[in-house]
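Line by line, the protein sequences give chains A and B.
Numbers 1 to 345, taken from this note's numbering, label the letters of the first sequence in order.
Numbers 1 to 516, taken from this note's numbering, label the letters of the second sequence in order.
Hints were generated in silico from the structure; no laboratory data involved.
As the structure is a computational prediction, the values presented were derived from the model and not from experiment.
Where a beta carbon is used, it is the ideal one built from N, C-alpha and C, also for glycine.
Treat the hints with care, since some could be wrong.
What follows is a list of derived Cβ distance ranges for each label pair [to be verified]:
id	chain 1	residue 1	chain 2	residue 2	range
1	B	GLN264	A	LEU216	20 to 30 Å
2	B	GLU296	A	LEU216	11 to 21 Å
3	B	ARG374	A	ILE181	28 to 38 Å
4	B	LEU92	A	ALA227	33 to 43 Å
5	A	ARG337	B	ASP466	34 to 44 Å
6	A	VAL178	B	ASP343	53 to 63 Å
7	B	GLY4	A	ILE18	56 to 66 Å
8	A	ALA335	B	ASP367	34 to 44 Å
9	B	ARG374	A	LEU186	22 to 32 Å
Stretch by stretch, here's where chain A covers chain B in the computed footprint (C-beta under 8 Å, at least three residues) [said to hold, decoys possible]:
id	segment
10	21 to 35
11	331 to 342
12	348 to 358
13	362 to 375
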Amino acid sequence: MRKQTLSGILGVLAALMIGGIVLALQGFNPFSTYGALLQYSLLSASGLSAMLSRAVPLVLTGLSASIAFGSGLNNLGQPGQLVIGALAATVVGLFVRLPAVALIPLCIAAAMVGGMLWSGLAAGLRRAFAMDEFIVTLMLNFIADYFTLWAITYPLFDPAALSPMTRPIRTYAWLSQVGGINASVLYMVAATVLCWLLMSKGVSGYEWRIMGQNRLFARIGGCRVDAHYVRVMLVTGALAGLAGGLMVMGGPHRFVKGLGANYAWDGVMIAVVANNSIPGTFLYGLLFSMLQQGAIGMELVTAVPSEFIDVLQAIIVLVVVAGRVSLNLMFDRIATRKKLRESLQ
Amino acid sequence: MMDGVLIDLQHISKVFPPATVALSDVSVSFRSGEIHALVGENGAGKTTLMKVLYGLERRDRGDILLRGAHVDFRNPREAIAAGIGMVHQEILLIPEYTIWQNVVLGAEPVHALGTLDIRTARERVARKIDEFLFNLDPDAPVGSISVAARQKVEILKLLYRDVSVLILDEPTAVLAPQEVGQLFLELEHLRDKGHTIIFISHRLDEVLGLSDQVTVMRKGKAVATSPASRLTKEELAREMVGRSVVFAAERSPAEPGEPVLVAQELTVRTTDGRDALDHVSFQVRSGEILGVAGVEGNGQFELVNAIMGLSAIAAGGLSVQGVDLTHADILARRRYISFVPQDRGRMGASLPASILENAIMTHHILDRSFRRWRGLALNYRRAIALTRQIQDQFDVSMENAAAPFQSLSGGNQQKVILGRELLLEAPLVLMDQPTRGLDVGSTEYVHGLLLDLRNRKKAVLLVSADLDEVFTVADRIIVMSRGRLVADLRTEETTREEVGFYMLGGKDAVHAQADA
Numbered sequence: 001m002r003k004q005t006l007s008g009i010l011g012v013l014a015a016l017m018i019g020g021i022v023l024a025l026q027g028f029n030p031f032s033t034y035g036a037l038l039q040y041s042l043l044s045a046s047g048l049s050a051m052l053s054r055a056v057p058l059v060l061t062g063l064s065a066s067i068a069f070g071s072g073l074n075n076l077g078q079p080g081q082l083v084i085g086a087l088a089a090t091v092v093g094l095f096v097r098l099p100a101v102a103l104i105p106l107c108i109a110a111a112m113v114g115g116m117l118w119s120g121l122a123a124g125l126r127r128a129f130a131m132d133e134f135i136v137t138l139m140l141n142f143i144a145d146y147f148t149l150w151a152i153t154y155p156l157f158d159p160a161a162l163s164p165m166t167r168p169i170r171t172y173a174w175l176s177q178v179g180g181i182n183a184s185v186l187y188m189v190a191a192t193v194l195c196w197l198l199m200s201k202g203v204s205g206y207e208w209r210i211m212g213q214n215r216l217f218a219r220i221g222g223c224r225v226d227a228h229y230v231r232v233m234l235v236t237g238a239l240a241g242l243a244g245g246l247m248v249m250g251g252p253h254r255f256v257k258g259l260g261a262n263y264a265w266d267g268v269m270i271a272v273v274a275n276n277s278i279p280g281t282f283l284y285g286l287l288f289s290m291l292q293q294g295a296i297g298m299e300l301v302t303a304v305p306s307e308f309i310d311v312l313q314a315i316i317v318l319v320v321v322a323g324r325v326s327l328n329l330m331f332d333r334i335a336t337r338k339k340l341r342e343s344l345q
Numbered sequence: 001m002m003d004g005v006l007i008d009l010q011h012i013s014k015v016f017p018p019a020t021v022a023l024s025d026v027s028v029s030f031r032s033g034e035i036h037a038l039v040g041e042n043g044a045g046k047t048t049l050m051k052v053l054y055g056l057e058r059r060d061r062g063d064i065l066l067r068g069a070h071v072d073f074r075n076p077r078e079a080i081a082a083g084i085g086m087v088h089q090e091i092l093l094i095p096e097y098t099i100w101q102n103v104v105l106g107a108e109p110v111h112a113l114g115t116l117d118i119r120t121a122r123e124r125v126a127r128k129i130d131e132f133l134f135n136l137d138p139d140a141p142v143g144s145i146s147v148a149a150r151q152k153v154e155i156l157k158l159l160y161r162d163v164s165v166l167i168l169d170e171p172t173a174v175l176a177p178q179e180v181g182q183l184f185l186e187l188e189h190l191r192d193k194g195h196t197i198i199f200i201s202h203r204l205d206e207v208l209g210l211s212d213q214v215t216v217m218r219k220g221k222a223v224a225t226s227p228a229s230r231l232t233k234e235e236l237a238r239e240m241v242g243r244s245v246v247f248a249a250e251r252s253p254a255e256p257g258e259p260v261l262v263a264q265e266l267t268v269r270t271t272d273g274r275d276a277l278d279h280v281s282f283q284v285r286s287g288e289i290l291g292v293a294g295v296e297g298n299g300q301f302e303l304v305n306a307i308m309g310l311s312a313i314a315a316g317g318l319s320v321q322g323v324d325l326t327h328a329d330i331l332a333r334r335r336y337i338s339f340v341p342q343d344r345g346r347m348g349a350s351l352p353a354s355i356l357e358n359a360i361m362t363h364h365i366l367d368r369s370f371r372r373w374r375g376l377a378l379n380y381r382r383a384i385a386l387t388r389q390i391q392d393q394f395d396v397s398m399e400n401a402a403a404p405f406q407s408l409s410g411g412n413q414q415k416v417i418l419g420r421e422l423l424l425e426a427p428l429v430l431m432d433q434p435t436r437g438l439d440v441g442s443t444e445y446v447h448g449l450l451l452d453l454r455n456r457k458k459a460v461l462l463v464s465a466d467l468d469e470v471f472t473v474a475d476r477i478i479v480m481s482r483g484r485l486v487a488d489l490r491t492e493e494t495t496r497e498e499v500g501f502y503m504l505g506g507k508d509a510v511h512a513q514a515d516a
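Can you build the whole structure from these sequences, using the hints too?
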């Protein structure tokens, strides 16, 4: 665990340095670029607020991927589960007449059920026809994409709009700002804490983790791995769906075309960088949202194009993941040498 | 340099990270045309040393000389090209291919246009079989021949590639006693034809009977090399273990009680409709150890899987303490069965998980005190208590319950698994090769545990490919051959030869003896 933290910090620093070199080679000043990045994310109130809102889909889809991968499941359907969840929340927000106290929880529940429905479909296909969830969840992403596009282009289309989008959901379903921070951030933090409790304290988390490491051992030990498979699919689908719902309720308050963007794939990437750890997913989610938010400001005040941040993210992923392995190899080599010397004395 | 030295290993060291010293400054010379045994306990470094020579493992220090010249094989292909070949413990052949097809695979003679020259290939293999008096049919599919014959095919593969040094890793481990004699005749014949044979073993009688030279390894060091004719079994054992060894464990007569496990006409079918387990019936009573003997791959694994619910029972019935478990799910079985599987890393534990996480498996389901908050949360205090109990009661040397399970030595891993399973206090204990890969000390410990279980009136089913082990602890021995139960014998009233006879299915045994 401590080794993991060390390799993470070293990896991020090394990646920032490599990024700085890339910037310098192209004739930009790395210090002012990173300065602008920070200025428009962490160091200003509006930047911080926007960064935290942006972190919501990144962290939640990241948690979804972390739990799935950690339990040995290849759920790669976060993008589809996210938009289906967003659509479900939108529909409830558009048509259900209830006061905020009831409507907000109902919208959130709808988002989670929507995500569960979509991942549950993949789980069902696996149970019934032994279809691999790896390919099924990937393909369901396309169906979800075009289904939601159809829904916002025809039945739910806002006649006043110029591009595909729904009408705004009822204001009772809007998430308010709490002390300058969008309430969706609070739901994200709460979800992270719950996931952490589940995975590190819960009986289910224990069995899921063991199942991810050695399914046969878990099975022989008496864990009901088939039931767990379905449960993990549903929970991770719900997390991705929740991400979609919170995005609608906290942001544009309607389902606009391209809502899901690349968030869910970034979430999958975050899970990989975090090695499926829950706190790690949370922290890397914040880091990536900081970079993405800061990129907007960086483009404003420097001549560096915001695409640089995509490069920097990729460098972080590569350096941290490769660094984790090579750091372990390095520790091993040091231990080998020490042991060799001892044994020959 | 000594005359006739073919391979000279000098000061070889190898560390498996983080801290396992597999070889420490090992120097051994192998002379041309000798049978040289490498003996030692499991974990002494015999196989690792040979893998270093064969190019399968990198060494951290030391030199390898072949005919006086430095060599450094980066992979087995280079070693084979230099005339050194190794037969591993696991046999790696394609069952659907015939013997000659398996032998030429990867080194096929071809026509001018690059197509396989079937006639030449088959002829060359047939000629090699005749040259070395191997008594094999080149056109027989490998899937249809015995384990002993498959082993010969592995040796033939190397001879076909003109290897002059043969390294055999525990070749007798999978053979019946009669087959061992046959193998030894063939190895002596090979030596007389000028081949050098390095023979890894921990069975002392075999070593003394077959080899010219014996090198003893202990804890990663080469202790001594001497001619076999100057050694006795007792001396060899003392050098191997570093202390005197008692060969026969103390075993009082059993006083069995009621039947605990009752298997009736148990049948398991493979996907292609074959009976992997063919109407097997037996009982294990409380206070009794029943040993299951047999050449590996004759239905023992299927029997274990059927009892544990890992493979479906096609016909027949299974009950423990009168409870019908024929079609019960695994969890229901776990209330009645403690299970120590043969493959620790695959079935017995999760290697990357912590020791604690491995120690509480199954307990956390069957024992409510392991859960809190309406069964949702793990009770870590209880989990730690159980881990400590296993550590104390089963004498596990470990520093930290949160350390990964794989950081423990093999013997300690097995003790954690044994502790976990035996503390379940189930009426039936099923052990599948419980001492495989363990050193002499740990093996003695496990045998002691088995006898203790018997005295505490548990029913014990012990599946073992090691006949010595079965004869040491079992009260009764059943023998399996081709998925069938072919004999049910009382240990005091039988001999290794008789059990070996049944292991070979009766008929084959007569055949092998006639050959010898």
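Cross-check of the supplied hints:
no.: 1; hint: GLN264/B <-> LEU216/A: 20 to 30 Å; verdict: holds (27 Å)
no.: 2; hint: GLU296/B <-> LEU216/A: 11 to 21 Å; verdict: holds (20 Å)
no.: 3; hint: ARG374/B <-> ILE181/A: 28 to 38 Å; verdict: holds (34 Å)
no.: 4; hint: LEU92/B <-> ALA227/A: 33 to 43 Å; verdict: holds (37 Å)
no.: 5; hint: ARG337/A <-> ASP466/B: 34 to 44 Å; verdict: holds (38 Å)
no.: 6; hint: VAL178/A <-> ASP343/B: 53 to 63 Å; verdict: holds (54 Å)
no.: 7; hint: GLY4/B <-> ILE18/A: 56 to 66 Å; verdict: holds (59 Å)
no.: 8; hint: ALA335/A <-> ASP367/B: 34 to 44 Å; verdict: holds (38 Å)
no.: 9; hint: ARG374/B <-> LEU186/A: 22 to 32 Å; verdict: holds (26 Å)
no.: 10; hint: 21 to 35; verdict: holds (count 3)
no.: 11; hint: 331 to 342; verdict: holds (count 4)
no.: 12; hint: 348 to 358; verdict: holds (count 7)
no.: 13; hint: 362 to 375; verdict: holds (count 6)
In terms of the numbered hints stated before, the structure departs from none.
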